[in-house]
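Undergrad: One line per chain: the protein sequences are A and B, in this order. Using numbering that gives the first Met the number 0, you'd call the opening residue of the first sequence number 0 and step up by one each time. Using numbering that gives the first Met the number 0, you'd call the opening residue of the second sequence number 0 and step up by one each time.
Please note that a few of the clues may not be correct.
Said to hold, decoys possible - Per the computed footprint, the stretches of chain A lying under chain B, defined by three or more beta-carbons under 8 angstroms from a beta-carbon of chain B, are:
hint: 1; stretch: 93-103
hint: 2; stretch: 118-125
hint: 3; stretch: 190-197
As the list claims (entries may be wrong) - Simulated crosslink set (DSBU-like; lysine-lysine; CA at most 30 angstroms straight-line):
hint: 4; chain 1: A; residue 1: Lys59; chain 2: B; residue 2: Lys6
hint: 5; chain 1: B; residue 1: Lys102; chain 2: A; residue 2: Lys157
hint: 6; chain 1: A; residue 1: Lys151; chain 2: A; residue 2: Lys178
hint: 7; chain 1: A; residue 1: Lys107; chain 2: A; residue 2: Lys151
hint: 8; chain 1: A; residue 1: Lys178; chain 2: A; residue 2: Lys157
hint: 9; chain 1: B; residue 1: Lys169; chain 2: B; residue 2: Lys60
Read the hints as simulated data drawn from the structure, not as lab findings. The C-beta atom is built at its ideal place from N, Cα and C for all residues, glycine as well.
If you want the building blocks of each chain, they are given just below.
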Amino acid sequence: MLTKRIIPCLDIKDGRTVKGINFENIRDAGDPIELGALYAEQGADELVFLDITATNERRKTLAELVTGIARHVNIPFTVGGGISSVEDVYVLLQSGADKISVNTSAFKDPALVDRLAREFGSQCIVLAIDTRFEDGDWYVYLNGGRVKTEVKAFDWAKEAVGRGAGEILLTSMNNDGTKKGFALDITGQMAQHLNVPVIASGGAGTMEHFTDVFENAQADAALAASIFHYKEIEIPALKTFLYSKGVNVRF
Amino acid sequence: MKTVIIKYNAGNIRSVQFALERLGVNGTVTDDHEEIMAADKVIFPGVGEASTAMQYLKERKLDEVIAGLKQPVLGICLGMQLLCKHSEENDTKCIGIFDVDVKRFQSPVENLLKIPQIGWNNITGLHSVVFEHVPENAYMYFVHSYYAALGADTVAITNYVINYSAALQKDNFYAVQFHPEKSAVAGARIIENFLNL
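Chain A with its partners taken away, still in its complex shape (with noise of 0.2 angstroms):
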């Protein structure tokens, strides 16, 4: 049976980790391999690097450190932020990532969504939407959630399928850093009614919330940050209490 999949999420600067992180039994936690590593012999299903570089460097430092990634990192990985065209995508997938996500770019311009799967298939390409509640309603927002538009979340990752997405990785912002719990009617919307895997990210907190969101939102995956990064909760024993609440897990 299909696994439901833990995902650490880890940005980049400049070739680095962002954010302290909080790891004795690893020589540099800056070092994304060496995290990205440790992750996957901990048992994470899967991992995501988001790049938030603004420098002009940014394109071969990261198609660097991408290939060391898939030298050293034994499970598959997707890379995001900042990819706005075919030739960023070919460099990374050729470099050795397994998927890429894209977000602001694919929202001004929709058809390149179309242009990816085309190229690359839809099993490499993940759409990252970033979305709030307000006024009765889940919205799309851009620019690393800065920027507010008047178009439905849903919609757009409808949309989005349509043209080719392969996997919707979707994060509130309104649950994103409160611990409180993941968006579980926005996520089991998607879920439920796009043909596409939902990865749900933002609010992870207690192990629970894992629970709440692959049972009661039908997530296929969840993503989360600082809980493991600063170990409050460690992959080993939250897949032991997904499995004890009959959560189909890998070992």
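Start from chain A and add chain B according to the hints.
TA: Positioned in the frame of chain A, the structure of chain B alone reads:
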């Protein structure tokens, strides 16, 4: 020992090469007929679309080279499907080592089954030397919309609404639908077993 990875227009070659490297093996990526035929082990990977890939192989007569290989060959994902008889994906006649057809997943109820299948699923009914020390029900990473049906050459089974061939084996031809190069320790073990044949 020389291991080659067949170079063609279907992705994920780099990942396979890195997986070999983690096992201390250098994989040469090539489409040169002589080099492929002279290798000790041949890996036929692939992520992509069946008809485009077959056309590319035919134009370079790589389909005939592959069919004639006598050394151990490992097909991965699309590589496995292309070793079957026929694929429903754009009605493609394939190389035909394995006497099974490749079909598209069908959801019994709308949206019940997400297609492609993406993620970790377990493999059962293991009976091939490539699964030595791989436990029954081991989890492997799958990404695919089409599957090889069950047949006489099935050596591992996975369920995604229906049971299908997770692996096939016939003579010197071994093939897996999942990605051993991305399937953590258990996947690496399968590649290692293949290299040790």
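Undergrad: Does the structure break any of the earlier hints, and which numbers would those be?
TA: none
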